[in-house]
Amino acid sequence: MRSRRAAARVPAMPRTIRLELDEHGDRLRGRVAESGHDEQEFEGWLGLLTLLGERLDGPREPDGTEDEG
159 MRSRRAAARV PAMPRTIRLE LDEHGDRLRG RVAESGHDEQ EFEGWLGLLT
209 LLGERLDGPR EPDGTEDEG
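Converting from the sequence shown to our numbering requires adding 158 to each position, the first position being numbered 1.
Careful, some of the hints might be misleading.
[Unchecked claim] Derived DEER-like restraints, expressed as beta-carbon distance ranges:
no. : residue 1 : residue 2 : range
1   : 191       : 215       : 10 to 20 Å
2   : 214       : 182       : 25 to 35 Å
3   : 215       : 181       : 33 to 43 Å
4   : 214       : 181       : 17 to 27 Å
5   : 187       : 211       : 29 to 39 Å
6   : 215       : 182       : 27 to 37 Å
7   : 207       : 183       : 12 to 22 Å
8   : 207       : 180       : 25 to 35 Å
9   : 211       : 176       : 28 to 38 Å
10  : 177       : 214       : 18 to 28 Å
11  : 214       : 189       : 13 to 23 Å
12  : 212       : 177       : 14 to 24 Å
13  : 203       : 181       : 11 to 21 Å
14  : 179       : 210       : 17 to 27 Å
The hints are simulated quantities; they were obtained by calculation from the structure and are not laboratory data. Where a beta carbon is used, it is the ideal one built from N, C-alpha and C, also for glycine.
Make the full structure from the sequences, and use the hints.
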């Protein structure tokens, strides 16, 4: 069970995830938004998982390490 302190540090997950498949059903695209003002687009399942992971872990530096800020 998580403590209240740990739970308070977890960022909010998006309220809206819009998924679109192409006419063949093999290409995924979509948008993730916490509110109508901060939409982020993604392509593919990896793109979706990356965006969701960034919301949980915070942004990462280009070399793959976590941001210290």
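Consistency of the hints with the structure:
1. 191 to 215: 10 to 20 Å: holds (19 Å)
2. 214 to 182: 25 to 35 Å: holds (32 Å)
3. 215 to 181: 33 to 43 Å: The hinted range 33 to 43 Å holds for residue 215 and residue 181, with Cβ atoms some 35 Å apart.
4. 214 to 181: 17 to 27 Å: violated (33 Å)
5. 187 to 211: 29 to 39 Å: Violated, since residue 187 and residue 211 (Cβ atoms, about 18 Å apart) do not stay within the stated range.
6. 215 to 182: 27 to 37 Å: This hint holds: roughly 33 Å between Cβ atoms.
7. 207 to 183: 12 to 22 Å: Given a distance of about 19 Å, which is inside 12 to 22 Å, the answer is holds.
8. 207 to 180: 25 to 35 Å: 19 Å Cβ-Cβ, so the 25 to 35 Å window is violated.
9. 211 to 176: 28 to 38 Å: violated (18 Å)
10. 177 to 214: 18 to 28 Å: holds (19 Å)
11. 214 to 189: 13 to 23 Å: holds (18 Å)
12. 212 to 177: 14 to 24 Å: holds (18 Å)
13. 203 to 181: 11 to 21 Å: This hint holds: roughly 18 Å between Cβ atoms.
14. 179 to 210: 17 to 27 Å: Since residue 179 and residue 210 have Cβ atoms about 18 Å apart, the given range 17 to 27 Å holds.
Checked against the numbered hints above, the structure violates hints 4, 5, 8, 9; every other hint is satisfied.
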